[in-house]
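K.L.:
Please model the complete structure; the sequences and the hints are all you need to start from.
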Amino acid sequence: MLYRLATPGVGDEVVEIRVLQWHGDVGAAFAAGELIVELETHKALIEVRAGQAGILRRIFAADGAWIQVGQSFAVFSDAPDEPVGDDPAAEAAFLANFVVD
Amino acid sequence: MSTEAPRMFFREAIARAIAEAMRADPRVIVLGQDVGSFGGAYREFDGLYAEFGAERVRDTPVAEAAIMGVGVGAAAAGWRPVVSITYMDFVMLALDPLVNYGAKLRYKTAGRLTAPVVVKTTAGARGQGVAHSQCLESWLMGVPGLKVVSPSNPADAYGLMRSALKADGPVVFVDHKRLYPIPGEGPDPDAETPIGKGRIARHGADLTIAAHSFMVHVSLQAAEILAGEGISIEVIDLRSLAPLDVDLIHASVSRTGALLTVEEGQVTCGVGVEVAARVRERGAAFAVARVGAIAAPVSSNPVLEAASIPNAETVARAARLLLGARDSGHSGAGGGELSAL
Amino acid sequence: MILIRAFEQALAALPNHGFQLLSAGEEAVAVGLCSALQPGDQLLTGGRSIGPALARGVEPRLLMAELLGRAAGVNRGKAGRGHLADPESGFFGAHAVVAGNISIAAGVALAMKLSRRPNLVCILFGDGAAGAGALHETLNIAALWKLPLLFVCGNNQFSVSTPRRAALAPHRLSDLAAPFRIPASTVDGMDVNVVAQAIELAARGVRAGGGPAFVECESERFAAHSTTARETRSREDLQHIRARCPILRLTADLQAAGRLDGASLKTLELEVEAEVAEAVAFAEAAPFPDPREALADVD
Numbered sequence: 026m027l028y029r030l031a032t033p034g035v036g037d038e039v040v041e042i043r044v045l046q047w048h049g050d051v052g053a054a055f056a057a058g059e060l061i062v063e064l065e066t067h068k069a070l071i072e073v074r075a076g077q078a079g080i081l082r083r084i085f086a087a088d089g090a091w092i093q094v095g096q097s098f099a100v101f102s103d104a105p106d107e108p109v110g111d112d113p114a115a116e117a118a119f120l121a122n123f124v125v126d
Numbered sequence: 152m153s154t155e156a157p158r159m160f161f162r163e164a165i166a167r168a169i170a171e172a173m174r175a176d177p178r179v180i181v182l183g184q185d186v187g188s189f190g191g192a193y194r195e196f197d198g199l200y201a202e203f204g205a206e207r208v209r210d211t212p213v214a215e216a217a218i219m220g221v222g223v224g225a226a227a228a229g230w231r232p233v234v235s236i237t238y239m240d241f242v243m244l245a246l247d248p249l250v251n252y253g254a255k256l257r258y259k260t261a262g263r264l265t266a267p268v269v270v271k272t273t274a275g276a277r278g279q280g281v282a283h284s285q286c287l288e289s290w291l292m293g294v295p296g297l298k299v300v301s302p303s304n305p306a307d308a309y310g311l312m313r314s315a316l317k318a319d320g321p322v323v324f325v326d327h328k329r330l331y332p333i334p335g336e337g338p339d340p341d342a343e344t345p346i347g348k349g350r351i352a353r354h355g356a357d358l359t360i361a362a363h364s365f366m367v368h369v370s371l372q373a374a375e376i377l378a379g380e381g382i383s384i385e386v387i388d389l390r391s392l393a394p395l396d397v398d399l400i401h402a403s404v405s406r407t408g409a410l411l412t413v414e415e416g417q418v419t420c421g422v423g424v425e426v427a428a429r430v431r432e433r434g435a436a437f438a439v440a441r442v443g444a445i446a447a448p449v450s451s452n453p454v455l456e457a458a459s460i461p462n463a464e465t466v467a468r469a470a471r472l473l474l475g476a477r478d479s480g481h482s483g484a485g486g487g488e489l490s491a492l
Numbered sequence: 037m038i039l040i041r042a043f044e045q046a047l048a049a050l051p052n053h054g055f056q057l058l059s060a061g062e063e064a065v066a067v068g069l070c071s072a073l074q075p076g077d078q079l080l081t082g083g084r085s086i087g088p089a090l091a092r093g094v095e096p097r098l099l100m101a102e103l104l105g106r107a108a109g110v111n112r113g114k115a116g117r118g119h120l121a122d123p124e125s126g127f128f129g130a131h132a133v134v135a136g137n138i139s140i141a142a143g144v145a146l147a148m149k150l151s152r153r154p155n156l157v158c159i160l161f162g163d164g165a166a167g168a169g170a171l172h173e174t175l176n177i178a179a180l181w182k183l184p185l186l187f188v189c190g191n192n193q194f195s196v197s198t199p200r201r202a203a204l205a206p207h208r209l210s211d212l213a214a215p216f217r218i219p220a221s222t223v224d225g226m227d228v229n230v231v232a233q234a235i236e237l238a239a240r241g242v243r244a245g246g247g248p249a250f251v252e253c254e255s256e257r258f259a260a261h262s263t264t265a266r267e268t269r270s271r272e273d274l275q276h277i278r279a280r281c282p283i284l285r286l287t288a289d290l291q292a293a294g295r296l297d298g299a300s301l302k303t304l305e306l307e308v309e310a311e312v313a314e315a316v317a318f319a320e321a322a323p324f325p326d327p328r329e330a331l332a333d334v335d
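Protein chains in written order, with my numbering: chain X, 26 to 126; chain Y, 152 to 492; chain B, 37 to 335.
The set of hints was computed from the structure by calculation and includes no laboratory data.
Treat the hints loosely; a few may be bogus.
As the list claims (entries may be wrong) - Which chain Y residues stay away from chain B? Per the calculated CB distances, all over 10 Å, these: (1) Pro248; (2) Ala261; (3) Arg353; (4) Gly355; (5) Ser383; (6) Thr419; (7) Glu464; (8) Arg468.
Unchecked claim - Computed cross-link-like contacts, DSBU-like style, restricted to lysine-lysine with a CA-CA straight-line distance of at most 35 Å: (9) Lys68(X) / Lys182(B); (10) Lys317(Y) / Lys182(B); (11) Lys68(X) / Lys348(Y); (12) Lys68(X) / Lys317(Y); (13) Lys348(Y) / Lys317(Y).
What the hints assert, rightly or not - Some chain X residues judged to face chain Y by a derived CB distance under 8 Å, without partners named: (14) Glu38; (15) Val40; (16) His67; (17) Trp91.
For every residue, glycine included, the Cβ atom is placed at its ideal position computed from N, Cα and C.
P.N.:
Encoded structure:
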């Protein structure tokens, strides 16, 4: 199964978010609770931690890139060899915890 | 045009301009509430405390009058302070040292002293209530000896802060709460945003909108709506309120024949009426109307706040009304403020 | 002190002297204070600036020209008594807003401290300013940041018509400094030596980096608040008040100690008279500024 990673609404009129730093490359496996990526709003840092286990398969916004709230910016899969294209849309949402610092 | 212009948050442009100035000139200091390790209420002073320390980046108690006086006095004595007044509403507490001393110092001493202080303050409504929402730029525009600038985007925030830090008298730099979440093209380090020059944010032929700060974004949205109806709007970003770039506005209005001024503050004795009067004095014949807040305080209540200040729809409606009035031979379109109520 | 008295008398005698606040009775405060200031120190005052400006060393002829609105004045006639500024003489400036110069002085003191200069800034204000928030806010900041700022309160017992005790609750005005842990004293402002000693002592601590200090000088104002204000005191009261003249007191002390004889005093008075006359002549002969200067030095 493929999963898309997107930010939820984070209040404070945030529309655009900057990717600060990925904490794993494409192919990396994340267990629940592990830090995937740090994002930055105009006010705060957001730590994105995995809410489920998964393999990071596609990154659509590298360090320093800008994303919209709700925009899918990465794709995960359960198994490492599942076929995955270049479409950020995926049938399911990747469970993640967005901790605003 | 340099390629070195990464997209950045509004706050980063301000922090960058101040940091660069502080590196280049040891006399630049920052005073205000929460400017030190906290980095400013909007993180607009991020990194300064870490780099320059407590001597040059000074947290102050809540005492706007005294802190403004200290900043103005230090400027008079040869330093270049940035005085941060977190909410523009509280500039009121600091008006005596700024207006009665700072703005008049060069004049009253016949040039022997001057006060090159930058007052950085944030205006605008965003859910904070009647005493934390005001836009008071027009109160300061008419003070001889005081300059007032107001950027709408990160590149101009950088450019105007840079220019303000080089000015040899007091400059009030007014930004807006709602500008902080909006990223934009970073500054071209070689480009200047001089004080006194506006910018055409969108070219058009049918009507000129003159706006500043967050209302530039609202006006651009209104222009998009109207473009869909075949109406071509020219949007001018004033950038500098005192001095005003009358040449730019006049040239535009001479082409379009209609001027809609848009501000979030009150239209009574506001920015718009001053813009309109100055253009009129140049001899241009044009239709004019003003859009601003309704004549009421701005509550923190989200429904009331939204009804109190201009948005893209109300600006578009005002533009249509003005064009309708002009085309039927009137030189203005009824009252200055239009609201959704 | 004699110079100040004579200068102000000559000014007040001129037909177009303008709106003035005079220092008769308060000369000991101005002179005692300035005797403890060093080159490089800066003095800021409120609107009662003539005595302190002269005591600080502003040239009498340039000051008279300024007061009479001439372009040859200290600030081309644009400041007048309320705003005159001669920073090169160590007189950073007067400011006519009551208490308006206090936080400004703290800013000048901050600049002094950041420059690592061994000097201090002195702010002279009246009892009339002691109720203003600006004073209390500045006492706090000065103490917090250990600014080299010397607060001198010239308490002449009145704020226009309001007696000091009808306006201010503290027992002594120097008590205002106590909450901020600023060393403070109240002294007799009618004795120039007492003032000088008190200021010298306070200044020593400030110069040593100890942060601000506060000296209250209790004095008397011999005339009404200003050249247009009505006098509120009875003739009898004024007689008693004027008997406390700091000039008479010092001359009596010096004569009693054998350090001043009648002839020397006379010589001194004549010198002052001549200096004042020259200042008046210079000022009256000097032209007014061109009206177009109304637009000069705005920004």
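K.L.:
Of the hints given before, which are not true for this structure?
P.N.:
1 and 2
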